[in-house]
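There are 2 protein chains.
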Amino acid sequence: MYLLRCIECGEEYETDSLYTCTKCGGLLEVIVDLSNADFRLDGNNITLWKYRSLIPVKTDPVTLFEGGTPLYSLKTGKSSRVYIKHEGLNPSGSFKDRGMTVGITKALELKKRSVMCASTGNTSASMAMYAARASLKAYVILPSGKVALGKLTQAMMHGARVIAIKGNFDAALKIVRKLTERNEIYLLNSINPFRLEGQKTIAYEIVDQLGYVPDAVFVPIGNAGNISAIYKGFRELKEAGYTDNIPEMVGVQAEGADPVYKAFVQNKDEIEPVSNPETIATAIRIGNPVNAKKALQAIYDSGGRVLRVTDSEIVEAQKFLAKQGVGVEPASASSLAGFLKEELDYDTVVCIATGNLLKDPEEIIRVCEKPMEVSANPEIIEKLL
Amino acid sequence: MYLLRCIECGEEYETDSLYTCTKCGGLLEVIVDLSNADFRLDGNNITLWKYRSLIPVKTDPVTLFEGGTPLYSLKTGKSSRVYIKHEGLNPSGSFKDRGMTVGITKALELKKRSVMCASTGNTSASMAMYAARASLKAYVILPSGKVALGKLTQAMMHGARVIAIKGNFDAALKIVRKLTERNEIYLLNSINPFRLEGQKTIAYEIVDQLGYVPDAVFVPIGNAGNISAIYKGFRELKEAGYTDNIPEMVGVQAEGADPVYKAFVQNKDEIEPVSNPETIATAIRIGNPVNAKKALQAIYDSGGRVLRVTDSEIVEAQKFLAKQGVGVEPASASSLAGFLKEELDYDTVVCIATGNLLKDPEEIIRVCEKPMEVSANPEIIEKLL
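As you go down the protein sequences, you meet chains A and B in turn. Residue 292 in my numbering sits at position 292 of the first sequence, and the numbers go up by one each step. Residue 250 in my numbering sits at position 250 of the second sequence, and the numbers go up by one each step.
For the record, the hints were derived by calculation from the structure and aren't laboratory data. Just so we're clear, the structure is a prediction, and the values are computed from it rather than from any experiment. Cβ coordinates follow ideal geometry from the N, Cα and C atoms, glycine included. Among the clues, some could well be false.
Claimed, not checked - Here are the simulated distance ranges between beta carbons:
1) A:LEU385 with B:LYS58: 24 to 32 Å
2) B:ALA148 with A:SER312: 24 to 32 Å
3) B:ASN377 with A:ILE31: 34 to 42 Å
4) A:GLU343 with B:SER73: 49 to 57 Å
5) B:LYS341 with A:LYS58: 37 to 45 Å
6) A:THR59 with B:GLN266: 49 to 57 Å
7) A:SER73 with B:GLU342: 41 to 49 Å
Said to hold, decoys possible - Covered stretches of chain B (in silico footprint by chain A; criterion: 3 or more residues with CB under 8 Å from a CB of chain A, positions within the stretch not fixed):
8) 57-71
9) 165-171
10) 312-326
11) 345-358
12) 378-385
When you get a sec, could you build the whole thing from the sequences and use the hints?
Shown next as structure tokens:
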């Protein structure tokens, strides 16, 4: 029904229970049997599990009705038709839910009793929510200096055990890898290839909603898993005979966290990590993206590119979206910021918004005008309107 | 196609542009022509505007794809089948979006140039978001002492002008009523009868999703508009011939803000306002609910009741939901808290969750266990798992 293949050495495995290639340590990709596809891209009843025939699970999914997110049209003043796919309207408020519904289902299939990740934000929120739904214990490991409680409220409320270690993010990830070698704990960081199998449905939904393949898809790049997954989705639709073409995959990075951009402009296949990444867009503040190699492959193969935007361009795009009724966190706005910055000529463009405005209220308070205070006099107030 | 009728004196109006009865000042209700109903309750493609034939608008709606919210099953250990309808997964994170998609559409129909409300929370967030989508100016008036910026982030980001007045909430509302007498500004507080026309679709969706009418629906009561609207929806389905019965409408109030509860136990039709209402569930911290009379009618007519829960019961229910993967703000958990508290014997119960967990992160930080800090040693951490 499906197998795991190493993207480095090509080794294939008929097992679910590997995170990386045992031969060379490379990332694994899930190869699904496209002849199983049994859905119709007719615009009806769109949810992630509509596409179950191409999602590599064997049991009934653990679902919170993720996916089916809106595709909003935008007025940009440019000649392209521009849409934004608002992944912030998933149950936990970010696109991570697509990967977690699959990852948590896989954890149950593998008879795991608990799940674990290193994360300070959206990944931990989503994992905790789905683990709660499945009655699995959830553990979140993170660097003690970086504990912003506001970013952890969902993980805490959904009952995850949050453990802050003295060390940096790499140390936290190392501990997660070490502890998940034990059979009972399932690793749900983005190295897990099954998470991308959920995320690829973004591509399926775009075609299902539009009725055709757009010319380009703009995706924020943080850990670089999402752009890889979306590309895989478009590739599978084409190979399965649903579509005839694949959009240009355009990655967008923040200036202070731009290793994939740098690799792209130098025409390289691999990144050099950026130490001390810095950007207002915390969800893509990542210096050493796990899936960079997959992402660069997707970008080159699709004839796409990588763009780089400044923090102020990100905030401008975030406000631009909010003023059309679309509330997103800063990282989400980077995709549109990339599109608005460049003179690119496409008929139809889809930008991916990855997370909800409510994910980062503190940033909003910083960037918005404060309320004004006046006396309770209608005549005075009338003059202010 | 539809008309406005006063719930006090029965006067009828064939106009859209009234907020209250010009004869007696009573609340107005929209009477729609049920013979227009042209949707099927077949479980397919559920969104609010599926039911457009019974929603009193004349032009294309201003929509952000609200509605179609999940109906999650819950494990409660009781014999009833229990579901929660998660209205926190609407675009702005609360059920208010259902009313606002209709209210903002109506504002455009009436050629208004701006909209206004007095609100410190979910109403202003939703109004600002939909006003932005429609390119209408939005004004939020609130008491200056009560400006918690965290609750206003959405309104601010979506470009609403927030004006804090020296005075209490009643003074703010009075100013809104005064300023919206001018023709160009549309009033979107819950006195506006068209908002309830959006909210009634919660009832339509419950039947569409379940395939039948539940025995009881539990609804948090703040301003009391939602329970009135949901009851109206069930009544319309029955009158239109879709269903044979109406569920018991069970309202739930917080102990510190319980005027509707008090009226109910005294078998009265009207409330006595509670001054200085107090509860952790800020979204239902209302002492003088605008729609109390409509709500009490709905409760009596359906054979329902009103329950009262403590803040700690609310927090317990909020955690209970979170541990099943459903993230809600405190007010939302009051409906389930009411159900869990009483020994009520129903086959099928639906509880309404009105807002998203992310609406009140500060409350979560107060009620949850803090992360623990340890050294980066896998052996030590292993012992903690």
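Comparing the hints with the structure gives:
1. A hinted range of 24 to 32 Å for the beta carbons of LEU385 of chain A and LYS58 of chain B is consistent with their spacing of about 27 Å.
2. A hinted range of 24 to 32 Å holds for the C-beta pair ALA148 of chain B and SER312 of chain A, which are about 27 Å apart.
3. Under the hint 34 to 42 Å, the C-beta atoms of ASN377 of chain B and ILE31 of chain A, about 38 Å apart, fit the expected range.
4. Taken as a hint, the range 49 to 57 Å holds for the pair GLU343 of chain A and SER73 of chain B, whose Cβ atoms sit roughly 51 Å apart.
5. Taken as a hint, the range 37 to 45 Å holds for the pair LYS341 of chain B and LYS58 of chain A, whose Cβ atoms sit roughly 41 Å apart.
6. Checked against the hint of 49 to 57 Å, the C-beta distance between THR59 of chain A and GLN266 of chain B comes to roughly 53 Å, which is consistent with it.
7. The hinted window of 41 to 49 Å between SER73 of chain A and GLU342 of chain B holds, with their beta carbons roughly 47 Å apart.
8. Judged by the Cβ-Cβ criterion of 8 Å, the segment 57-71 of chain B is covered by chain A as claimed, because 4 of its residues qualify and three suffice.
9. Note: the segment 165-171 of chain B has 4 residues with beta-carbon separation from chain A under 8 Å; the three-residue rule is met and the coverage holds.
10. Counting residues of the segment 312-326 of chain B whose CB lies closer than 8 Å to any CB of chain A gives 7, which reaches the minimum of 3, so the coverage claim holds.
11. Only residues whose C-beta sits within less than 8 Å of a C-beta in chain A count toward coverage, and the segment 345-358 of chain B has 3 of them, enough to reach three; the restraint holds.
12. Look at the segment 378-385 of chain B against chain A: 5 of its residues bring a Cβ nearer than 8 Å to a Cβ of that chain, three or more, so the hint holds.
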